[in-house]
Amino acid sequence: MNSNSIRFRPFNVGGAFEIVLPNGKVILLDPFFTGNDFECGKTREDVTGADYIILSHTHFDHDIDVGYFVKKFDSKVFCGAMSAFELVKFHKIPYDNIFPVYPGQTYTLEDFSVSFFQTKHNPSGARTYDPDNPIAAKIGIQGHDACDELGSMESLDFMITTNNNFRILENSGRIVWKEIFDVCKEKSPNVLLRQAGVRRGHGDLFSGEQIPPAELAELFTKFGAQVIVPFHHDVMVKRWGLQKTNEYLDKVAAEVHKQDPGAVMLNPVAWQWYSMGIEITAE
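Under the numbering used here, think of the first position of the sequence shown as 1, with each following residue one higher.
Hints should not be assumed to be uniformly reliable.
[As the list claims (entries may be wrong)] SDA-like mimics (lysine to any residue), calculated; alpha carbons at most 20 Å apart, straight line:
# : residue 1 : residue 2
1 : Lys-187   : Asn-164
2 : Lys-185   : Asn-165
3 : Lys-244   : Gln-195
4 : Lys-222   : Asn-164
5 : Lys-185   : Ile-175
6 : Lys-25    : Trp-273
7 : Lys-71    : Cys-40
8 : Lys-251   : Val-264
[What the hints assert, rightly or not] Pairwise CB distance ranges, derived in the manner of DEER restraints:
#  : residue 1 : residue 2 : range
9  : Gln-142   : Asn-164   : 43 to 49 Å
10 : Tyr-274   : Lys-92    : 47 to 53 Å
11 : Thr-48    : Lys-120   : 44 to 50 Å
12 : Tyr-107   : Glu-39    : 34 to 40 Å
13 : Gln-243   : Tyr-129   : 35 to 41 Å
14 : Lys-72    : Ala-137   : 31 to 37 Å
Treat the hints as calculated values from the structure; they're not laboratory data. No residue lacks a Cβ here, since even glycine has one placed at the ideal position from N, Cα and C.
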């Protein structure tokens, strides 16, 4: 690892990642730990920090531990403006800690900058508003209904740019608008964090056929990133089991290398630390 490296670890549930910048500040993406039994035995107590939290949307499997981390680390929380007040109410987040954002906005902070883009996420559990079908309540989470409904309506992609111009793009849900590819041509992300579950038709989390590996690889490589890291393994594991999920993602990784020899796809191990950076080695 060199001094310019970014350290990160995925958790393979939701879109949760912990990213440590070169200066040691920590960005937490879509924190989802409650209700998960990780094989390694770790819990949210093992997360090292959360100076900043960035949410793609407010489905419970992307935001449910926001309040815990804000209380523990006094985190600055960035989320869609439409969902912000319901997030504040549910998690009891102080107003000073919440930063509502709109598509097209860029925040330039002391430690990094982050730009936000409009996207459209998959519905979660129900395709229409249904007050008699509270999604989170099914797993024992009460009072989160408004956040979940808004999470089906409002979703954001975002690009983190470090102070030395290393760029990480998170892209989730469906590709409805093609503008994100124009953004990638202009901004050239080094790393793509991308939801692996891409289903045919309009199925919810557990319906609809997963696209073939070559088709998912074609989508991944369209972003033009050098490193591709999929997320939301938990949905595929629930449908297929861990072994079949890994076999599928290994095929996707092989197809990525075939379609773009300059790119590599990592099928990450949950809670495993990885480092990324640019360095020169003698051959």
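message = Verify the CB-CB distance for Gln-243 and Tyr-129 against the hinted window 35 to 41 Å.
response = Since Gln-243 and Tyr-129 have Cβ atoms about 37 Å apart, the given range 35 to 41 Å holds.
key: Pair hint outcome, Lys-185 versus Ile-175 [Cα-Cα no greater than 20 Å]   = holds, 16 Å
task = Below or equal to 20 Å on CA atoms is what counts here, so check Lys-71 against Cys-40.
result = violated, 25 Å
Tyr-274 paired with Lys-92, Cβ distance criterion 47 to 53 Å = violated, 34 Å
message = A range of 44 to 50 Å was offered for this pair. Does it hold for the Cβ distance of Thr-48 and Lys-120?
response = Because 33 Å falls outside the window, the suggested range is violated.
message = Does Asn-165 sit within 20 Å of Lys-185, going by the straight-line distance between their CA atoms?
response = holds, 15 Å
inquiry  = Checking one constraint from the list: CA of Lys-222 to CA of Asn-164, max 20 Å. Satisfied?
reply    = violated, 24 Å
ask   = Between Tyr-107 and Glu-39, does the beta-carbon spacing fit 34 to 40 Å?
value = With Cβ atoms ~36 Å apart, the hint holds.
ask   = CA of Lys-244 to CA of Gln-195, is that 20 Å or under?
value = The hint holds at about 17 Å.
message = Just to be careful, I want the Cα atoms of Lys-25 and Trp-273 compared with a cutoff of 20 Å; is the pair within it?
response = holds, 15 Å
inquiry  = Between the beta carbons of Lys-72 and Ala-137, is the distance compatible with 31 to 37 Å?
reply    = violated, 25 Å
query = Between Lys-187 and Asn-164, is the straight-line Cα distance small enough, at 20 Å or below?
reply = holds, 14 Å
Violated hints for the displayed structure, listed by number in ascending order: 4, 7, 10, 11 and 14.
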